[in-house]
Amino acid sequence: MSASVESCIYQGERYLLELRLQDGQAVSAFHSAPLAVRQSVNVQLLRGWRLDAA
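Last residue of the sequence shown: number 70 in this note's numbering, and the count goes up by one each step with no gaps.
If a hint is listed, it holds; no wrong ones were tucked in.
With beta-carbon atoms standing in for the labels, derived distance ranges:
id, residue 1, residue 2, range
1, Glu29, Asp68, 25 to 31 Å
2, Met17, Trp65, 14 to 20 Å
3, Ser48, Asp68, 27 to 33 Å
4, Gly28, Asp68, 26 to 32 Å
5, Glu29, Trp65, 17 to 23 Å
Just so you know, the hints here were simulated from the structure itself, not pulled from any lab data. Only a predicted model underlies this, so the values are computations on that prediction, with no experimental measurement involved. Glycine included, C-beta positions come from ideal geometry on N, C-alpha and C.
Can you build the whole structure from these sequences, using the hints too?
If you want it as structure tokens, here you go:
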């Protein structure tokens, strides 16, 4: 699926990405290399978790 990079922050050994999917959902992901803000990327979701609202 396609996404756009909204932010890319270095966190130790990896980069924390905030991505925006085409349907508007926000997704956090990690990558081994920096990506440019507004860069279009293709993502494959292999694992995920969700925090329930209190």
